[in-house]
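> One-letter residues, chain by chain:
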Amino acid sequence: MNPVNYLYLAALLFTIGATGVLVRRNAIVLFMCVELMLNASNLALVTFSRLHGNLDGQIIAFFTMVVAAAEVVVGLAIIVSVFRTRHSASVDDTNLMKL
Amino acid sequence: MSVPDTVHSLWTVAASSTTQTIPTPHIEYGQLSPMLAVFGAAALGILAEAFLPRRNRYWAQIGIAMAGLVGAFVAVVVLAAQGYAGTKAHLAAMGAVAVDGPSLFLQGTIVLIAVVSVLGFAERHLEPRSSTGAPVDAFAPQAATVPGSDAEKSAARSGFATTEVFPLTMFAVGGMLLFPAASDLLTMFVALEVFSLPLYLLCALARRRRLLSQEAAVKYFLLGAFSSAFFLFGLALIYGYAGTVSIGGIADVVSGTATPTPALANTTANDALLLIGLAMLGVGLLFKVGAVPFHAWTPDVYQGAPTPVTGFMASATKVAAFGATLRLLYAAFPGVTWDWRPVLWGVAILTMVVGAIIAVTQTDVKRLLAYSSIAHAGFILTGVIAMNKAGVSAVLFYLGAYSFVTLGAFAVVTLVRDAGGEATHLSRWAGLGRRSPLVAATFALFLLAFAGIPLTSGFAGKFAVFQAAASSGATPLVIVGVLSSAVAAFFYIRVIVLMFFSDPRPDGPTVAVPSAFTATAIALGVLVTLGLGILPQYFLHLADQASVFVR
Amino acid sequence: MDNLIPVLVGLPLAGAAVLLLGGRRLDRFGHWLGVLASTASFGVGLVLFFDMLSRSTAQRPAFEHLFTWVPVAGFQAQVGFQLDQLSVVFVLLITGVGSLIHLYSVGYMAHDERRRRFFGYLNLFLAAMLLLVLADNYLLLYVGWEGVGLASYLLIGFWQHKPSAATAAKKAFLVNRVGDIGLSVAIMLMFSTFGTFAFGPVFGAAHTASQGTLTGIGLMLLLAACGKSAQVPLQSWLGDAMEGPTPVSALIHAATMVTAGVYLITRSSAVFNLAPTAQLATVCVGAVTLLFGAIVGCAKDDIKKALAGSTMSQIGYMVMAAGLGPIGYVFAIMHLVTHGFFKAGLFLGAGSVMHGMNDEVDMRRYGGLRKHMPLTFVTFGLGYLAIIGFPGLSGYFSKDKIIEAAFAHGGTEGWILGTAALVGAAVTAFYMTRVMLMTFFGEKRWQPDAEGHEPHPHESPSTMGIPMVVLAVGSVGAGALFAWNSSFVKWLTPVTGHDEGHSPLSSWTVSGITFAVIALGVLVAWTMYGRQPVQATPPVGSLLTRAARRDLLQDDFNHVVLVGGGQHLTRFLVYLDAKGFDGVVNGIAAAVGGTSGRMRKLQNGYVRSYALSMFGGALVLVATTLLMRAV
Amino acid sequence: MSSFPLLTVAAALPAVGAVLTAALPAATSAKRRDINKTLPLGISVLTLVLAAVVAIRFKPGGARYQMTEHHSWISDFGIGYSLGVDGIAVVLILLTAVLVPVVMLASWHDADPVANDAGTFERNRRTQGFFALILAVEAMVVLSFEATDVFLFYVFFEAMLIPMYFLIGGFGDRTVGEDARQRSYAAVKFLLYNLLGGLIMLAAVIGLYVITAKQGIGTDGHGTFDLSTITQALASGKLHFSPVAEKALFLGFMFAFAVKAPLWPLHTWLPNAMGEATPGVAVLITAVVDKVGTYAMLRFCLQLFPDASKTFGPAILVLSLIGIIYGALLAVGQKDIKRLIAYASISHFGFIIMGIFAMTSQGQAGATLYMVNHGISTAALLLVAGFLMSRRGSRLIADYGGVQKVAPVLAGTFMIGGLATLSLPGLAPFVSEFLVLVGTFTRYPAIGIVATIGIVLAALYVLVLYQRTMTGPVKPEVSGFRDLHARELVVVTPLIALLLFLGVYPKPVSDIVNPAVRDTMSDVHRTDPAPAHPITAAQVAATNSQGGGQ
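Chains as they are written, first to last, in this note's numbering: chain Y, 1 to 99; chain A, 1001 to 1551; chain C, 2001 to 2631; chain X, 3001 to 3550.
Read the hints as simulated data drawn from the structure, not as lab findings. Hints may contain errors.
Computed footprint of chain C on chain X; a stretch qualifies when at least three of its residues, placed anywhere within it, have a C-beta under 8 Å from a C-beta of chain C [to be verified]:
1. 3097 to 3110
2. 3330 to 3343
3. 3362 to 3373
In silico BS3-like pairs for lysine-lysine, Cα to Cα no more than 30 Å straight-line [said to hold, decoys possible]:
4. Lys3335(X) <-> Lys3405(X)
5. Lys3247(X) <-> Lys1389(A)
6. Lys3335(X) <-> Lys3475(X)
7. Lys98(Y) <-> Lys1389(A)
8. Lys98(Y) <-> Lys2579(C)
9. Lys3238(X) <-> Lys1389(A)
10. Lys1389(A) <-> Lys3214(X)
11. Lys3238(X) <-> Lys3214(X)
12. Lys3059(X) <-> Lys3335(X)
13. Lys2162(C) <-> Lys3405(X)
14. Lys3507(X) <-> Lys3310(X)
15. Lys3247(X) <-> Lys3335(X)
16. Lys3475(X) <-> Lys3405(X)
17. Lys3335(X) <-> Lys2162(C)
18. Lys3238(X) <-> Lys2579(C)
19. Lys1389(A) <-> Lys1088(A)
20. Lys2444(C) <-> Lys2162(C)
21. Lys3475(X) <-> Lys2162(C)
Every residue, glycine too, gets a C-beta built ideally from N, C-alpha and C.
Isolated chain Y (complex conformation):
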């Protein structure tokens, strides 16, 4: 298959992720959408790695995974603590600060 199609897929995934961030309310889902965007990037990286015939992209993808994992740790900690306080994971509820 033409590797470029993977790029299209990556772009599509990225857009889905970004849209998800915009439309979903649940903080966890929101965060998952961000993860989707990261993984879309990974897909793109791997595809490009193949296109260029070097391994950089694939290695970067590993790094990304680690970073994403770290992000999950921090993110969940924050989201959970907010949930425990507010008993709600909706990001629309956290709007004390505005204007």
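Model the placement of chains A, C and X on the given structure of chain Y, informed by the hints.
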């Protein structure tokens, strides 16, 4: 993009190269020592947190953090003295980290900011002591407890302290040191995350108004992660375009001096990859510097985060992020200047104008400073856009000058308190000049520096960036800059009026007497503000000497 | 000897300084100090005069350069004095009449607690007036010019607690300032034309300048003269100026300051001679004013205002004469001097009357005073005869000459001017007879004032009497002295030039006609005010009378057009400044605030909306980056 | 030229004085307070002595800038700490040094604690702060007159706003209520207006730097701000502005100066600021600080941008002409004494600016003298008005009447101040006003003639003010007024003496100013218009022999 046959030929090449050995990476530990010192201190801090009894942790953490920072600063100075800022500048760690003028300059600045910030974090005189008589700081006694719960109360009673903030800060500082020095996009991305993640956590740790604090953390985290995703996707696209993520490699490909390979010929045929990638990297960086339209997090996070953390964030993050932006634009993408410059023009103008205008009607001092920081990001961007040596040195200078004013200003904010903690609503500041002239005068000095009044560091910085922009022909930017400075002056002056010419409220806030830590922090802020304002030459010269990137 | 010239100015100036700065300790004898300064200056003037007499005609003008005043590149203003035949006439008139009036004031102001200050102002006036006539360049003349204006302002408003006095003083200064525009523009014109404004060089080079420039200078000087000499259209202040103490009216607003305009025109004869248009304007102003003043004088019941109208009219004669050119200059000055005597005398007489009548000024409340104030009656009467031009008295010699010169001007203009002058003479005779009859003849018409004090008319003390006598002698004899052997003409000719002209009527014819019209005027007045008793309340009068009582409506015009218009303009501008210019400034601030208020609504606290702005921003960033390449 | 840094010391003395005054232990009693005030007063007098030394050591006709000092300051931007004075600067420094002690003495009790909280520690501090701020303003004003480096000038031009701002906003009759609000509005308006001007000038300053850098005028590829260097480079053609750039830079500089001066229609801050400030501070604003603006037009606009100055000259002349008439008319319409004087000042600044841009020797020398004379005359008028207002506690003209009767000396000095304001010949302002008019007339006759209307209007507003306050029946509230006492007389006497002296014998000042004006005129490549029909030497000789009469 048609699928080339070359891919198949590469297959065969790869197969034939199985006999090659991968060389051991060569790491110049000496040149990386600033970061190593800070990361070391961070790791040590974690260990201390794990193994030291609670009562010893506070001083131990301060000691470790300070030792790490001082070590890092000494390392920076030594490296600079050895000429790494100039002739000996080169890429360390297999091309991952640039040890050059801008890196060392910014690392030095960040380390100094960190020193002052740690002093602020260590402040334990402002909050009333816990019921056991233990002095407490600005952070939640136990962040995991639910606000208002019994657990929190008992934690507060027993005088717990979140001494984890010190190692967290050290990690953030380490990431920040790496960020502007990163010489490939991957390192840059990792550094970005390394300093962002601890900051998300630090935001959530306020002792008072924990709901706001947590909200700030959530917002910062979600948006930060969102922007990182953009950065990463941009990285992927650039990698796709250039086949490499190293700054030098990208620059070569962009300028067409790289050895052409068939794959490159294929990917570089369409500049869309490059341009979209660059724009997306830009999103990530502009988010960190708080440029419009990626600024929305700034006021909320600045307001919600514990004030010492806000000060640290507002200064150090900006320094690191602008450093990385400079490196990216000056070292990796000078070949497409004509593509990104108009866009950045727009962003800079928007940032200056929006930041200045929205600030006019703010009623919370921390939000006010947040919008002011947005406007200042715009001013700095004009220097970035200059795209000449003067631009680099001007931005370096501005960052140094601005961060100490910011640190000082937020440190003063921590002092003005009432029963509910810090009194950040501006109406509470009325008549502060009568009540407490010294504190008010200090804050006024910082505000004047923000406003760019001559003989303060803010003016020297503003002059530097504007002249750099003007010399590159960006006269309209300069004009927008001065006009929004005028608007900005309005709200700084409004605060001064409030402090000096309004009548104090009978139930007005008190000004707490800080410990030597915060006092030192404020004094340093004043000193740097006046010093860089009256005698900026030395520092300007330093910035000028440090304004060449290596790639 | 020439270095005495600055002393002339210096003595009264020093007197003024001492009197004004000296404080209360000078109250007891300060007035005598003032008299001393004045008479000493007169003495110096006499010395200089005789010294000048002793020299040949060509050697008579004397110069004394004191110091360089303002040197800036080509602009070299000097403080230098020039005492020539013209100046010396003025010097003697000013210091002479001035000294007499100082003396008179000692008595007149005896009961005023601020007498010291009054003398200080009088001395200041003398100094300024002397500076005016002694200056050797226009800029220094300007200093004196404004200096007398200041003194006039201070003296008119001397009784500052009276709002009317304060208003009159302000008005006088303002109207004079309008005239001063003329003098400044004239000086500027001279400087830009000749590069200098000193008398000698300007007059010497006048013929090189274009007709337009000279006309401009002439008209501007005329404007200045109009202001200072109360000529139409800037005459309105003089009547109000009578609010000042009477010696002031005598000295400043009759004898000396108001004649400064005539001096200015005569001094600038070299310019006017070359600018016929300016001369024509001058004679027109003079002719109109001489009639204007005369008509106003007929209608006033206030003795001082009637005399003020008369002053205006008489100066009209002088200005007209000066406008006639070389045939008139000498007579303008001669009339100026004789007028100085008789009008000062008349005013002092009026002051004496008022002094005896509890400061009553309304002639309808006088009547039959000749019995109570014989000395005043006699001196006033002599002044009266002099002013109407009774043959043999000084007015006869000077005024008839002017009428003659007007006819001698030639052509239709000459006839018109001559006729105007004759009409003026007749009206003068009328109103002066009216004043005389209402004041000194008929039945007593005074009544007790509000508090029941009935005036007890009495003769004034000798300090007041002596000056009146001296001035009466001058009124009688000065004309003859000047006319004898044409001495005055000969004296002034080197300065002003003189030309006999060719009158279409012989000198005797003019004198005859003049005498006839004067007699007519006297007769009419006697019919109206002598044969029948004067009413204590003024009759309604004809339209002209009513207009004349209101200064021929000029004040009304000023009030409506200038004051009213000015007030509206000012109010409008105050509004404009607050709402317009400041409004723009405040509006910008408000606009920024409003924009801010709207923009901050974008910061709505929802993290997803922040993400949306980021996403949108990212899209825009990508799109523009791509677009930039496409473009 | 000795190496003693006289100019630095002259500026540093008040600066150090400001710090010392602020650092003095706060007074604990009224007597101690007076003692504390003598320190700043003494320092300002010492500064006057130094300024006099500067004036004496200045040699008219010598080098253009004398007593120069050059030190590198921010060499990366070609900025030097360069001081030097020419004639114009010398007289303005002298003016400043004369006025500051006078203002201090006049404001002796203006910042005292008010009755109800008298003697409190904090209030006494505030009193000292007032005097310290005045000294700070003096230091910065003197430095901006001395600076021969554009940037150095700019720094102090802007920085002096801050102490001025606190002086306007922080001190006045009452500290609460509507008055305080108005005052803080006025202070903010003052600051923002001037800051906006300053920021726009900053853009122009940057532009200037960039152009000098591009054309290699400075060293090491940096630009330069050194005035002499730039002027010389301009003269020798080494530096050349494109017409567009020159106009833009000129406008940038001019805007800031026109705000500060202030030139119509950028004047609206002045009536507020002067109306709300204490009389002494109002004098500082109009007589000292604003002069920096007009001085800078002469020094920087003309010298740096001669061609643009010529291009815009007529337009600025028209604005200044409008300002003359407009300010005077508005002064007539004011109900508030201080605002009246403020509008009068706007009219006078119109004259000053007109003189500067008439581009003639007389105009510029006249403008310089005007700055000095206006400073003195307005100070006299305002300070006496301040004494008057301090007796009644009202700024409204309508609240006075008949003061002349009860306080003749006060009225007399007020009158002299007023007469000086309306430029009566014999008093100093006449000389300068006439020079300005003549200088303008020789090049632009129409403008010169219209400007003379300002003379009449000046008489109108001064005399109306005098009439309404001083003459007429004595109002009951006025009847208890005390006449001027010793301190007030000490304040007024030198001012009046100066007015008289400079009116009669301005030559010492004009001799100092003339060479500087000549230099400026040659910078703008302008010569005075020659007289249309100059007097020839032969004519002069002829007229002299004739006796001068004819």
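> All the hints need checking, so say for each whether the structure fits it.
Going down the list of hints, with the structure as the test:
1. 3097 to 3110: Violated, because only 0 residues of the stretch 3097 to 3110 of chain X bring their Cβ atoms closer than 8 Å to Cβ atoms of chain C.
2. 3330 to 3343: Satisfied; 4 residues make the cut.
3. 3362 to 3373: holds (count 3)
4. Lys3335(X) <-> Lys3405(X): It holds: about 22 Å lies between the C-alpha atoms, which stays within 30 Å.
5. Lys3247(X) <-> Lys1389(A): Roughly 28 Å separates the two Cα atoms, so the pair holds.
6. Lys3335(X) <-> Lys3475(X): 17 Å, holds
7. Lys98(Y) <-> Lys1389(A): Violated - the C-alpha atoms of lysine 1389(A) and lysine 98(Y) are around 39 Å apart, more than 30 Å.
8. Lys98(Y) <-> Lys2579(C): Cα-Cα ~36 Å, so violated.
9. Lys3238(X) <-> Lys1389(A): Status holds; Cα separation ~25 Å.
10. Lys1389(A) <-> Lys3214(X): Distance ~14 Å between lysine 1389(A) and lysine 3214(X) Cα, so the pair holds.
11. Lys3238(X) <-> Lys3214(X): 12 Å, holds
12. Lys3059(X) <-> Lys3335(X): Outside the cut-off at roughly 47 Å; violated.
13. Lys2162(C) <-> Lys3405(X): 11 Å, holds
14. Lys3507(X) <-> Lys3310(X): 29 Å, holds
15. Lys3247(X) <-> Lys3335(X): 40 Å, violated
16. Lys3475(X) <-> Lys3405(X): Within the cut-off at roughly 10 Å; holds.
17. Lys3335(X) <-> Lys2162(C): Holds, at roughly 22 Å.
18. Lys3238(X) <-> Lys2579(C): Judged against 30 Å, a Cα distance of about 49 Å means the pair is violated.
19. Lys1389(A) <-> Lys1088(A): 18 Å, holds
20. Lys2444(C) <-> Lys2162(C): 29 Å, holds
21. Lys3475(X) <-> Lys2162(C): 13 Å, holds
Of the numbered hints stated above, those contradicted by the structure are hints 1, 7, 8, 12, 15 and 18, listed in ascending order.
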